[in-house]
Amino acid sequence: MPAPQLPDAEVLCAALIEAMRPHVDPAITALVGIHTGGVWVAERLHTALGLKIPPGSIDVSFHRDDYHQRGLHANARASQIPFDVEGAHIVIVDDVLYTGRTIRAAMNELFDYGRPARVDLAVLSDRGGRELPVAPTWCPHAMALPAAQMLALERADDGRLSFRLMEK
Amino acid sequence: MSVMNTGGNPQLNRHGELNHLLTIEGLPRDVLTRILDTAAPFTEVAEREVKKLPLLRGKSVFNLFFENSTRTRTTFEIAAKRLSADVINLNISTSSANKGETLLDTVDNLAAMQADMFVVRHASSGAPYLIAQHLAATDRDHIHVVNAGDGRHAHPTQGLLDMYTIRHYKKDFTQLTVAIIGDVLHSRVARSQIHALNILGVPEIRVIAPKTLLPTGVERLGVRVFNDMREGLRGVDVVMMLRLQNERMQGALLPSTQEFFKSWGLTPEKLALAKPDAIVMHPGPMNRGVEIDSAVADGKQAVILPQVTFGIAVRMAVMAMLGGN
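Those sequence lines, one after another, are chains A and B.
Here the first sequence is numbered in the numbering used here, starting from 1438 and rising by one per residue.
Here the second sequence is numbered in the numbering used here, starting from 16 and rising by one per residue.
FYI, nobody ran anything at the bench for these hints, they're computed from the structure.
Glycine included, every Cβ here is placed at the ideal spot set by N, Cα and C.
Be a bit skeptical, because a hint or two may be false.
Stated by the list, open to error - Per label pair, the in silico range of CB-to-CB distance:
#, chain 1, residue 1, chain 2, residue 2, range
1, A, Ala1451, B, His157, 47 to 55 Å
2, A, Lys1605, B, Arg155, 28 to 36 Å
3, A, Pro1459, B, Glu62, 54 to 62 Å
4, A, Ala1584, B, Asp101, 49 to 57 Å
5, A, Leu1569, B, Glu62, 47 to 55 Å
6, B, Glu62, A, Ala1572, 41 to 49 Å
7, B, Thr282, A, Ile1465, 30 to 38 Å
8, B, Asp187, A, Thr1473, 19 to 27 Å
Claimed, not checked - 20 Å max Cα-Cα, derived EDC-like pairs, lysine to aspartate or glutamate:
#, chain 1, residue 1, chain 2, residue 2
9, B, Lys67, B, Glu82
10, B, Lys96, B, Asp45
11, A, Lys1489, A, Glu1455
12, B, Lys66, A, Asp1549
13, B, Lys74, A, Asp1502
14, B, Lys285, B, Glu234
15, B, Lys226, B, Asp243
16, B, Lys67, A, Asp1503
17, B, Lys74, A, Asp1503
18, B, Lys315, B, Glu274
19, B, Lys66, A, Asp1502
20, B, Lys67, A, Glu1523
21, B, Lys290, B, Asp243
22, B, Lys226, B, Glu274
23, B, Lys96, B, Asp131
24, A, Lys1605, A, Glu1568
25, B, Lys285, B, Asp308
26, B, Lys186, B, Asp252
27, B, Lys285, B, Asp313
28, B, Lys96, A, Asp1594
29, B, Lys66, B, Glu92
30, B, Lys67, B, Glu116
31, B, Lys66, B, Asp101
32, B, Lys67, A, Glu1568
33, B, Lys290, B, Glu246
34, B, Lys277, B, Glu234
35, A, Lys1605, A, Glu1591
36, B, Lys96, A, Glu1455
37, B, Lys67, A, Glu1455
38, B, Lys67, A, Asp1549
39, B, Lys96, B, Glu64
40, B, Lys74, B, Glu62
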């Protein structure tokens, strides 16, 4: 199979920022990134959009729906939500949207902290293969990847983001 | 116990994952460290609006307590409930055992009620092993067993929460001097602590106790024995007190509790011999004025209540790991 053309993560980051800018309110919009790639993207968005509320991070290990098949994730981390979720305007940020199961788990985790007024979803790329009715609010890129492949975001020591294609 | 340990580590499944938690003895360091690492995010759940996770939703956890306990049973119950399990508490000292039912008959009956996990406390060393072996022999080892204290043998979740507490305050095990003080003879807690400290690479583990409250050959566990409390406390980073187990005393091991306090009670004056930043731990319940002075128990160096809080997270981590394996 010929290798598909990988998107430039830095270009997508810039596009995502401009797509979101008209719709966010720096005083009330709060970001939560999903570990690990989503946290990197959330940090970028937070700075570029000049948001006042510090970004949170979510680890979905406690809400994964494959726990009974695969056990507890070996590197479970604590979620960090440094703002009051009750009534908040929250954007969940992830690198790649795939089955939608991670997003469902992230929403369940988020709601354990309170009832947000609104939740949106921002991702860099939608690689197809949805198994749940989840759609991104902002997503500058889409591609169709076969199930055997994974699109993974990486961060270099200098902070540059890039995509890598991995075989499962 | 050696008979029951033959044929590999009965706690691990064929993938080397934890299937039961019966003892800390013989656990690989990476498994022990992974439990501590996994417990860390569970501590944060207590800060949430909703202190509940769905991991054990639809699972039934039976607390089988053949021996009384309030704190351990309660923290196991809270941990299981925060994982969304259905929890059934059985105090069997007051139930079928009195009518003559055997331990394994009780287990078979509860397994027939679709138990997914047994949390077992028993006065006899090895009872949780017996249950785990019985389940394996009858092809039911999808049911997990957690030892909540068996006789004088082991109390692994207490040992783990103690290690979690030490790591929380001291970060690195490999530079520490740790003292375990008091009734080592009757203490399953001390045995679990000593095994865990050795596995985690603590270079100096001291045991401080009167000769009558030390098991014979305790040095073979990898500890330095002190029969003088002041000498033993010098320069330690962590002071782990043990409860004087009056209910297990047979014969004249001690003159009196007052005498015990005089020689072996932790007072501010004795604690001053340890490092200035030493922490003081106690598995509870405390006998104030017997093994520990109230001024120490309520003092700045005591981390006895954080131990209780960490205990819930550690038990959640253990049950979540077992339930997924």
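Each hint tested on the structure:
1. A hinted range of 47 to 55 Å holds for the C-beta pair Ala1451 (chain A) and His157 (chain B), which are about 51 Å apart.
2. Our hint of 28 to 36 Å for Lys1605 (chain A) and Arg155 (chain B) holds, since their Cβ atoms are close to 33 Å apart.
3. Restraint check, Pro1459 (chain A) to Glu62 (chain B): a C-beta distance of roughly 35 Å breaks the suggested window 54 to 62 Å.
4. Distance hint for Ala1584 (chain A) and Asp101 (chain B): a CB-CB separation of about 36 Å, inconsistent with the stated range 49 to 57 Å.
5. Leu1569 (chain A) and Glu62 (chain B) have their C-beta atoms about 29 Å apart, which leaves the hinted 47 to 55 Å range violated.
6. Against the hinted window of 41 to 49 Å, the Cβ-Cβ separation of Glu62 (chain B) and Ala1572 (chain A) comes to about 32 Å, which falls outside the hint.
7. Range check, Thr282 (chain B) to Ile1465 (chain A): about 56 Å between beta-carbon atoms, so the 30 to 38 Å window is missed.
8. Our hint of 19 to 27 Å for Asp187 (chain B) and Thr1473 (chain A) holds, since their Cβ atoms are close to 25 Å apart.
9. A distance of roughly 28 Å separates the Cα atoms of Lys67 (chain B) and Glu82 (chain B); the hinted pair therefore is violated under the 20 Å criterion.
10. For the proposed pair Lys96 (chain B) and Asp45 (chain B), the alpha carbon gap of about 27 Å is over 20 Å, so the pair is violated.
11. Distance restraint check for Lys1489 (chain A) and Glu1455 (chain A): the Cα-Cα separation of roughly 18 Å lies within the 20 Å cut-off, and the hinted pair is therefore satisfied.
12. As the CA atoms of Lys66 (chain B) and Asp1549 (chain A) are separated by approximately 7 Å, the hinted pair is consistent with the 20 Å bound.
13. For the hint pairing Lys74 (chain B) with Asp1502 (chain A), the CA-to-CA distance comes to about 15 Å; that is within 20 Å, so the pair holds.
14. A threshold of 20 Å between alpha carbons decides the hint, and for Lys285 (chain B) with Glu234 (chain B) the separation of about 24 Å lies outside it, so the pair is violated.
15. A C-alpha spacing of about 10 Å is found between Lys226 (chain B) and Asp243 (chain B), which places the hinted pair at or below 20 Å, so the restraint holds.
16. With a C-alpha separation of about 18 Å, the suggested pair Lys67 (chain B) and Asp1503 (chain A) falls inside the 20 Å cut-off, and the hint holds.
17. For the given pair, Lys74 (chain B) sits about 15 Å from Asp1503 (chain A) by alpha-carbon distance, which is consistent with the 20 Å threshold.
18. At most 20 Å may separate the alpha-carbon atoms for a hinted pair to count; Lys315 (chain B) and Glu274 (chain B) exceed this at roughly 26 Å.
19. Distance restraint check for Lys66 (chain B) and Asp1502 (chain A): the Cα-Cα separation of roughly 19 Å lies within the 20 Å cut-off, and the hinted pair is therefore satisfied.
20. Of the supplied pair hints, the one linking Lys67 (chain B) and Glu1523 (chain A) holds, its CA atoms being roughly 17 Å apart against a limit of 20 Å.
21. Between the alpha carbons of Lys290 (chain B) and Asp243 (chain B) the distance comes to roughly 17 Å, so the proposed pair stays at or under 20 Å and holds.
22. About 15 Å separates the Cα atoms of Lys226 (chain B) and Glu274 (chain B), which keeps this hinted pair within 20 Å; it holds.
23. Taking the CA atoms of Lys96 (chain B) and Asp131 (chain B), the gap is about 14 Å. The hint holds against a cut of 20 Å.
24. Proximity of Lys1605 (chain A) to Glu1568 (chain A) is assessed by CA-CA distance (about 18 Å); at most 20 Å being required, the pair is judged to hold.
25. This hinted pair checks out: Lys285 (chain B) and Asp308 (chain B) have alpha carbons roughly 10 Å apart, not beyond 20 Å.
26. The suggested pairing of Lys186 (chain B) with Asp252 (chain B) holds, with an alpha-carbon distance near 12 Å, which does not exceed 20 Å.
27. The straight-line distance between the Cα atoms of Lys285 (chain B) and Asp313 (chain B) is roughly 15 Å, inside the 20 Å bound, and the hint therefore holds.
28. Distance check on the hinted pair: Lys96 (chain B) and Asp1594 (chain A) sit about 42 Å apart at the alpha-carbon level, beyond 20 Å; violated.
29. For the hint pairing Lys66 (chain B) with Glu92 (chain B), the CA-to-CA distance comes to about 14 Å; that is within 20 Å, so the pair holds.
30. Taking the CA atoms of Lys67 (chain B) and Glu116 (chain B), the gap is near 36 Å; set against the 20 Å cutoff, the hint is violated.
31. For a cut-off of 20 Å, the pair hint linking Lys66 (chain B) to Asp101 (chain B) stands: about 15 Å separates their Cα positions.
32. A C-alpha spacing of about 26 Å is found between Lys67 (chain B) and Glu1568 (chain A), which places the hinted pair above 20 Å, so the restraint is violated.
33. For the suggested pair Lys290 (chain B) and Glu246 (chain B), the alpha carbons sit about 13 Å apart, so the restraint of at most 20 Å is met.
34. Straight-line distance between C-alpha atoms of Lys277 (chain B) and Glu234 (chain B) comes to about 25 Å, which puts the hinted pair past the 20 Å bound.
35. Distance hint between Lys1605 (chain A) and Glu1591 (chain A) is fulfilled; the C-alpha atoms sit about 16 Å from each other, no more than 20 Å.
36. For a cut-off of 20 Å, the pair hint linking Lys96 (chain B) to Glu1455 (chain A) is broken: about 45 Å separates their Cα positions.
37. Between Lys67 (chain B) and Glu1455 (chain A), the direct Cα distance comes to roughly 38 Å. Violation of the 20 Å bound is thereby established for this hinted pair.
38. The suggested pairing of Lys67 (chain B) with Asp1549 (chain A) holds, with an alpha-carbon distance near 8 Å, which does not exceed 20 Å.
39. The straight-line distance between the Cα atoms of Lys96 (chain B) and Glu64 (chain B) is roughly 15 Å, inside the 20 Å bound, and the hint therefore holds.
40. Of the pairs offered as hints, the one joining Lys74 (chain B) and Glu62 (chain B) is violated, with about 24 Å between alpha carbons and a cut-off of 20 Å exceeded.
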